[in-house]
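Peer 1: Letter by letter, the chains look like this.
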Amino acid sequence: MPVFRWGHAWDAFQDLEREVDQLLQGVNLSLHGVRSTRRFPLINLIEKTDHFLFTAELPGADIKDLEVTSADGRLMIKGVRRAPEEARDDTFRRQERFQGNWQRTIQLPDRVEEDGLRAEYSAGVLRITLKKAPSSIARNIPVTEGSE
Amino acid sequence: MSGSNEVSIRLSVDDSVAAVSGSPSEMTDEQRLLFNPPIDIYETPDGLVLYADLPGVTSEGLDLQVQDNRLTLFGRIQQRDSDQGAVVHEEYKVGDFLRSFILSDEVDHDRISARLNNGVLRVELPRAVRSQPRTIKVVTD
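These protein sequences, in sequence, are chains A and B.
Under our numbering, think of the first position of the first sequence as 124, with each following residue one higher.
Under our numbering, think of the first position of the second sequence as 44, with each following residue one higher.
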């Protein structure tokens, strides 16, 4: 029995899309109210000589719900963005902003100091500085000429 | 180009096709990115409430204007030099935010108020209070 039938090609596409969406949603824990296809929050990671800087666009976060953990070379941030007080099911005219539980994890390319993590949150941006473990900082190894 | 210091920005009207939130839509003369911030609009008994995600925008960088029936919000970001470095993972670019809306006549333009907190802008758009019906006294001769 053919899966794709040419006469109903678009339906098949939609079915496939739905299947893939469901698969992806199983991976992404933040489900509720997702309207855009992007994840929340969006994150960046840049590397400097002796530390990493992790940033996340996280407007409206409640610090007391925010969890930041670093273990096994991975950084994980987790939180919840509740619906605003005006939100009741029948009152929105437009809803584009993410709502609900969210979680992001990123693999760090180098080892970081367990105690060298500093996080700050201002203007809706979360900034986490992670100091590299001393062994991860590239060091120039002096080469001495051997004597024959 | 015009050669002046004018920054050319194309306004996006809300009733056009909704852009995917966060996608850059315009490059200005200064090579700054411009984004459509995602918004929520809720209806309350008193009017409308609008929320906009403007991460990185503080009150100094926020410009909120009502002209004729159009509400325009513009959030300017301060680029941080400390954010430069070798990119390991990049999901977003830093840019300014711009979005505008057509307001209906029922919004009382004079009483629009706004608050910015942790990168979230909340704008209250109260409904104009309808004038009370005036009873006309009828005198009989």
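Hints are computed from structural coordinates only; laboratory data are not their basis.
Computed from a prediction, not measured in an experiment: that's the story for all the values here.
In this text, a Cβ means the ideal position worked out from N, Cα and C, and glycines have one as well.
Please note that a few of the clues may not be correct.
Derived DSS-like pairs (lysine-lysine); straight-line CA-CA distance at most 25 Å [as the list claims (entries may be wrong)]:
1) LYS136(B) - LYS254(A)
2) LYS254(A) - LYS201(A)
3) LYS180(B) - LYS171(A)
4) LYS201(A) - LYS180(B)
Selected chain B positions facing chain A (in silico; Cβ < 8 Å) [claimed, not checked]:
5) ASP89
6) GLN122
7) ASP124
8) VAL131
9) ILE145
Listing some non-contacts, in silico: residues in chain A with all C-beta distances to chain B over 12 Å [as the list claims (entries may be wrong)]:
10) ILE166
11) LEU181
12) GLY183
13) VAL191
14) ASN263
Peer 1: Against each hint, give a clear statement of whether it holds in the structure.
Peer 2: Status of each hint after checking the structure:
no.	hint	verdict
1	LYS136(B) - LYS254(A)	23 Å, holds
2	LYS254(A) - LYS201(A)	21 Å, holds
3	LYS180(B) - LYS171(A)	81 Å, violated
4	LYS201(A) - LYS180(B)	66 Å, violated
5	ASP89	10 Å, violated
6	GLN122	12 Å, violated
7	ASP124	12 Å, violated
8	VAL131	4 Å, holds
9	ILE145	13 Å, violated
10	ILE166	6 Å, violated
11	LEU181	7 Å, violated
12	GLY183	4 Å, violated
13	VAL191	16 Å, holds
14	ASN263	18 Å, holds
This entry does not satisfy hints 3, 4, 5, 6, 7, 9, 10, 11, 12, going by the numbered hints stated previously.
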